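Novice: With chain V fixed as given, assemble chains B and E onto it according to the hints.
Residue numbers (my numbering), protein chains in the order written: chain V, 1 to 309; chain B, 1 to 309; chain E, 1 to 309.
Hints are computed from structural coordinates only; laboratory data are not their basis. Bear in mind the structure is a predicted one, so any value in this text is a computation, not a measurement. Check each hint, because a few of them may be wrong.
When chains are identical, the list treats them as one kind, so a pair holds in a single copy or across two.
Heads up, simulated DMTMM-like pairs for lysine to aspartate or glutamate below, C-alpha to C-alpha not over 20 Å straight-line [stated by the list, open to error]:
(1) K28 to D201
(2) K28 to E239
(3) K109 to E183
(4) K28 to E16
(5) K28 to D254
(6) K28 to D273
(7) K109 to D130
(8) K293 to E16
(9) K293 to D278
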Amino acid sequence: MMINDIAPLESAGRGELTVFCDGRYRDKFLASEASAIITNRDLTRNAPHRDGLLFVEQPRLAYALIGHLFYPTSPLVPEVSASALIDPSAVVGEGCRIDAGAIVSNGVKIGARCHVGCHAVLGPGVVIGDDCIIGANTTISHALIGDRVRVESCVTIGSQGFGFVAAPSGLLRMLQLGRVVIEDKVEIGANCAIDRGATGDTVIGAGTVIDNLVQIAHNVRLGRNCILCGQVGIAGSTEIGDGVMIGGQSAISDHLTIGAGARIAGKSGVMRDVAAGDSVGGYPAVPLRQWHKQNSALARLTRRGADGA
Amino acid sequence: MMINDIAPLESAGRGELTVFCDGRYRDKFLASEASAIITNRDLTRNAPHRDGLLFVEQPRLAYALIGHLFYPTSPLVPEVSASALIDPSAVVGEGCRIDAGAIVSNGVKIGARCHVGCHAVLGPGVVIGDDCIIGANTTISHALIGDRVRVESCVTIGSQGFGFVAAPSGLLRMLQLGRVVIEDKVEIGANCAIDRGATGDTVIGAGTVIDNLVQIAHNVRLGRNCILCGQVGIAGSTEIGDGVMIGGQSAISDHLTIGAGARIAGKSGVMRDVAAGDSVGGYPAVPLRQWHKQNSALARLTRRGADGA
Amino acid sequence: MMINDIAPLESAGRGELTVFCDGRYRDKFLASEASAIITNRDLTRNAPHRDGLLFVEQPRLAYALIGHLFYPTSPLVPEVSASALIDPSAVVGEGCRIDAGAIVSNGVKIGARCHVGCHAVLGPGVVIGDDCIIGANTTISHALIGDRVRVESCVTIGSQGFGFVAAPSGLLRMLQLGRVVIEDKVEIGANCAIDRGATGDTVIGAGTVIDNLVQIAHNVRLGRNCILCGQVGIAGSTEIGDGVMIGGQSAISDHLTIGAGARIAGKSGVMRDVAAGDSVGGYPAVPLRQWHKQNSALARLTRRGADGA
Numbered sequence: 001m002m003i004n005d006i007a008p009l010e011s012a013g014r015g016e017l018t019v020f021c022d023g024r025y026r027d028k029f030l031a032s033e034a035s036a037i038i039t040n041r042d043l044t045r046n047a048p049h050r051d052g053l054l055f056v057e058q059p060r061l062a063y064a065l066i067g068h069l070f071y072p073t074s075p076l077v078p079e080v081s082a083s084a085l086i087d088p089s090a091v092v093g094e095g096c097r098i099d100a101g102a103i104v105s106n107g108v109k110i111g112a113r114c115h116v117g118c119h120a121v122l123g124p125g126v127v128i129g130d131d132c133i134i135g136a137n138t139t140i141s142h143a144l145i146g147d148r149v150r151v152e153s154c155v156t157i158g159s160q161g162f163g164f165v166a167a168p169s170g171l172l173r174m175l176q177l178g179r180v181v182i183e184d185k186v187e188i189g190a191n192c193a194i195d196r197g198a199t200g201d202t203v204i205g206a207g208t209v210i211d212n213l214v215q216i217a218h219n220v221r222l223g224r225n226c227i228l229c230g231q232v233g234i235a236g237s238t239e240i241g242d243g244v245m246i247g248g249q250s251a252i253s254d255h256l257t258i259g260a261g262a263r264i265a266g267k268s269g270v271m272r273d274v275a276a277g278d279s280v281g282g283y284p285a286v287p288l289r290q291w292h293k294q295n296s297a298l299a300r301l302t303r304r305g306a307d308g309a
Numbered sequence: 001m002m003i004n005d006i007a008p009l010e011s012a013g014r015g016e017l018t019v020f021c022d023g024r025y026r027d028k029f030l031a032s033e034a035s036a037i038i039t040n041r042d043l044t045r046n047a048p049h050r051d052g053l054l055f056v057e058q059p060r061l062a063y064a065l066i067g068h069l070f071y072p073t074s075p076l077v078p079e080v081s082a083s084a085l086i087d088p089s090a091v092v093g094e095g096c097r098i099d100a101g102a103i104v105s106n107g108v109k110i111g112a113r114c115h116v117g118c119h120a121v122l123g124p125g126v127v128i129g130d131d132c133i134i135g136a137n138t139t140i141s142h143a144l145i146g147d148r149v150r151v152e153s154c155v156t157i158g159s160q161g162f163g164f165v166a167a168p169s170g171l172l173r174m175l176q177l178g179r180v181v182i183e184d185k186v187e188i189g190a191n192c193a194i195d196r197g198a199t200g201d202t203v204i205g206a207g208t209v210i211d212n213l214v215q216i217a218h219n220v221r222l223g224r225n226c227i228l229c230g231q232v233g234i235a236g237s238t239e240i241g242d243g244v245m246i247g248g249q250s251a252i253s254d255h256l257t258i259g260a261g262a263r264i265a266g267k268s269g270v271m272r273d274v275a276a277g278d279s280v281g282g283y284p285a286v287p288l289r290q291w292h293k294q295n296s297a298l299a300r301l302t303r304r305g306a307d308g309a
Numbered sequence: 001m002m003i004n005d006i007a008p009l010e011s012a013g014r015g016e017l018t019v020f021c022d023g024r025y026r027d028k029f030l031a032s033e034a035s036a037i038i039t040n041r042d043l044t045r046n047a048p049h050r051d052g053l054l055f056v057e058q059p060r061l062a063y064a065l066i067g068h069l070f071y072p073t074s075p076l077v078p079e080v081s082a083s084a085l086i087d088p089s090a091v092v093g094e095g096c097r098i099d100a101g102a103i104v105s106n107g108v109k110i111g112a113r114c115h116v117g118c119h120a121v122l123g124p125g126v127v128i129g130d131d132c133i134i135g136a137n138t139t140i141s142h143a144l145i146g147d148r149v150r151v152e153s154c155v156t157i158g159s160q161g162f163g164f165v166a167a168p169s170g171l172l173r174m175l176q177l178g179r180v181v182i183e184d185k186v187e188i189g190a191n192c193a194i195d196r197g198a199t200g201d202t203v204i205g206a207g208t209v210i211d212n213l214v215q216i217a218h219n220v221r222l223g224r225n226c227i228l229c230g231q232v233g234i235a236g237s238t239e240i241g242d243g244v245m246i247g248g249q250s251a252i253s254d255h256l257t258i259g260a261g262a263r264i265a266g267k268s269g270v271m272r273d274v275a276a277g278d279s280v281g282g283y284p285a286v287p288l289r290q291w292h293k294q295n296s297a298l299a300r301l302t303r304r305g306a307d308g309a
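So that you can see chain V by itself, here it is in the shape it has in the complex:
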C-alpha cells in the first residue's frame, strides 16, 4: 500500500501513517483506520491483531524522523528586501534572506543561509552564525549567537539586566555591560526576554530549547540540551546544568545551582539548590516524592477537619 501522508492518531485514515506511543490513547489506537501505525510491542500487547503495525524501539522519534521526510524544510530562497536597512559596515553571509523592514546595524555579522524576519532589529555588533532563523519583530542586541539557532517573533535578547541598589536619590542602576551568548542549535520561543549579563555573560548552552514567554535574567548560565517550558522564569546568576527539564510557569530563584539532569515539575518555586539528577516540585519546591506526600497529607487533614476533629 502507498502511504501518502502522516496524520494524528485520532484522524489518520487510509493511506496515512500515524504513531501510537502513549498508552493513554489506547482507545484511539483501537479505533484507528490508519494504514500504518508506528508503535512498539509493549504498547500493543493484548491488542487484537491488525495490519500495518510498524514496531520500533522509539516510536515517537521514528515518527518525527519520518515526518521530516514527508515535509522537508523548504530551501531558503536568498533575497534581501529593498526595504531592509543594512548598515554598510555590516557583513551578511551568502544565501541569506533578509525580510522587509529588518534593521541590520553597524558592525553586525550574519553567517550563511540565515533568515531574518520582517522588522527584526539587530543592534550594533551582534554576531549570528550560519543557518539561523530570527523571527519578525524580534529585537537583539549585545549578543553572540551560534549556528542553527532559531528565535521566534517578538523576542527581546540583550535587554538591560534588573540590578538596582538603593541610593539617597532613589534606586540606582547597577552597570549592565555583558553579553548574551547563545550556542549552536538553541531554539527560543515567542515573546521571551533574555537579559545581557551585568559583568560577565548570560549563556544559553548548545541544543537547549526554550518555549514562549520565558524570562532569563542577567548572568544566568543554562547548560546544554535543557528544556524550558512556557512562562518559566530564571532569576539572576543561577547556573543550570546540562539536560535539565523545567516545567511550565516554574520559577527559580537567583544565585542557585541546579545540577545536570535535574527535573523541575511545572509551576514549582525553586528556592534552594537542586542536586544533579534530582526531581523537585511544589512551592517552595521539595523532592518530588515529598511533594506528593505533602499533598496527600493535606488531603487527609482536610477530611479530618471536615469530621470536626
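Specialist: For chains B and E alone, coordinates are given in the frame of chain V:
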C-alpha cells in the same frame, strides 16, 4: 437634569452618571455626588433616600451599554499607508486602514473594514475576516481569523509549537504543520503567544476573551465565551469547554479536558481533568471548597505548631 | 597601583577593582586576586590581612557609583533617521535620536534628548518628557510619560484593559477610556504589558522599576520606588504604596491595597490587603513567618505520614 458624561463612582459629580454594582463600595456610593447612579434595589436597601437612582436588573451591563452610547467607537477612516508593504497577490477588503510599516504577505486575504496597525506582520496565506483590529508590532502566521476579532500589540500568533523528542544528536523538533483558527469576536491581549497546531489546529472559540501575556500551546482547543485572565498558560492539546473562566497566572497541564462552565481560581496549577461546572483552585488544583479547607487546616496546624505541639 | 577596570569577584585580577558585599561569597573573596576590593569591616572580620581593601558603609552602592565612572553613558548622538515617520503635527525636542522605522503619530510630544528605538510606535497624542529611552519594537498609546523614563523592547503600554460584562449577545467590553501615567525615572523591562485605565488612569509612581514580562492591569496605581521582579502580575484597580518590593512571578488580585514598604515574596498569590511594612509569602499569601511555619508543619506532617501515623 442634563447628564453630560459618565465617571467612576469615586469621582462622578454633578451632571455625571455612574454605577453602584458592588456592595464593597457602599461608602463611595453614600458619599457620591453623581447626578445619576445606576444600581439595583438590593444594593440600596436601607440606604438614605436620594435622587437620581436608576434601578435595573444588571447595573454593570446597563452602565457598559450607556458608556458605549456616550463614547461610540469612531468610524474607521480607510487609508493604506504609503509605507505599508502589500504583496500584489494579497486581497485587502474595502474600507480597510493599513498603517505605516505593516507587512501584508503573499496570499493574505483581509476582509472589509479591518485596521492593521503599524509594523504588524501578516505572513503568507493568513486569512482575516471583516471588522478586525490587529495591533502594532504584532506577528501573525499560519492563521485563519474570523470577523470582529481584536488582537492587541506585540502578540505572536502562529509560532512553532514546543514539541521535541530525544534523538542521538540531541533534541529533534516534531513537525509543526497546523494552523491557528480564531473564531468570530475573539479578543487577544497584548504580548500573548499562540502556537500553531502540530498536525491539526489550535482553536480559539467564538467570543472568547484573552488578557495580556497569555500562553496558548499547540493544539489547544478553547471553547466559546471563555475568559482567560493575565499570564495564564495552557499546555499542549488541552481542550477547554465553553464559558470556562480561568483566573490570572493559572497553568493547565497538557492533554487535559476542562468541562464547560468550569471556573479555575487565579494562580491555580491544574494537573487533572475538571468536570463541567466545577470550581477548582490551588496547586495542585483541587475542588474550591477543599482548597479553602486545606488553607484553614494549614493555618490551624501552624497555630498548634506555635504552641509546641 | 593603577586600577584599569572593574570586574566580578570571581574573575577580577591585577589592576581590577571588584566588590565583596555578601558573606555567601566569602570563598571567592578569599581567593580573589583583585587589586582593589570594596567591602566593609563586618564582612572581612577574621579574614587574613591583605592589601587593597576599601572599607565603605554600603559596598554595593559604592561599586555601582564607581562603575558608572568607569563606564559613563555615551552621550546621545542626535539624529532623526530618514526612515522614521514623524507626523507634521508631532513635536520632537532638541537633541533627540529617532531610529529607523520609528513611528511618531499626530499630536505626539517628545522632550529633549530622547532616544526612540527602531520600529517603536508612539500612538496619537502620546507625551514623553526629557531624557527618555524607548526600546525597539515597543508600542505606546494613551500615555503621559515623565522625564528620564526607560522602556525596554517589545513592551506594550496603553492597551485596552480587560473588562467585560456578560450580555445576551456574549461578553460585552466595558469602555476603556483612561490613560497610562508614568512618572519620572521609571524603568520598564522587556515585553511588559501595561493597560490604560478604564475611566481614570493607570499610574506608575516615580522611581519605580519593573522587570521583564510584567503585567499591569487597568487602573492599577503603583507608588514611588517600588521594585517589581520578572513576570509579576497586578490585577485591575489594585493600589500599591511607595517602596513596595514584589518578588518574581507573584500575582496580586484586583481591588486590593498594598501598604507602603510591604514586601511580597517571590511567586506569592496575594488575595487580601497587605498592611504597610508587612512581609507576606505563599499562595494564598500569609505573613511571611506564618508561611515558613506552614512549610515546616507540612514537612513534619509528611514525616509522620511516612511512619504510618
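Novice: What label fits K293 with E16 when the C-alpha limit is 20 Å: within, between, both, or neither?
Specialist: neither (45 Å within a copy, 51 Å between copies)
Novice: Within, between, both or neither: how does the pair K109, D130 come out at a Cα-Cα threshold of 20 Å?
Specialist: within (10 Å within a copy, 34 Å between copies)
Novice: At most 20 Å between CA atoms: does that hold for K28 and D254 within a copy, between copies, both, or neither?
Specialist: between (44 Å within a copy, 17 Å between copies)
Novice: For K28 vs D201, is the C-alpha pair at or below 20 Å within one copy, between two copies, both, or neither?
Specialist: Classified as between; 18 Å across copies, 48 Å inside a copy.
Novice: When no copy is specified for K109 and E183, does a C-alpha distance of 20 Å or less occur within a copy, between copies, both, or neither?
Specialist: Answer is within: at 16 Å inside a copy they meet the 20 Å cutoff, but 39 Å across does not.
Novice: Since the copies are identical, ignore which copy is meant and state whether K293 and D278 lie within 20 Å (CA to CA) inside a copy, between copies, both or neither.
Specialist: within (16 Å within a copy, 25 Å between copies)
Novice: At most 20 Å between CA atoms: does that hold for K28 and E16 within a copy, between copies, both, or neither?
Specialist: within (15 Å within a copy, 61 Å between copies)
Novice: Check K28 against D273 for me: Cα-Cα at most 20 Å, and say if that holds within a copy, between copies, both or neither.
Specialist: Between copies only: 18 Å across chains, 42 Å inside a chain, cut-off 20 Å.
Novice: Can you tell me if K28 and E239 fall within 20 Å by alpha carbon in one copy, between copies, both or neither?
Specialist: between (42 Å within a copy, 16 Å between copies)
In the structure shown, a violation is registered for the earlier hint numbered 8 alone.
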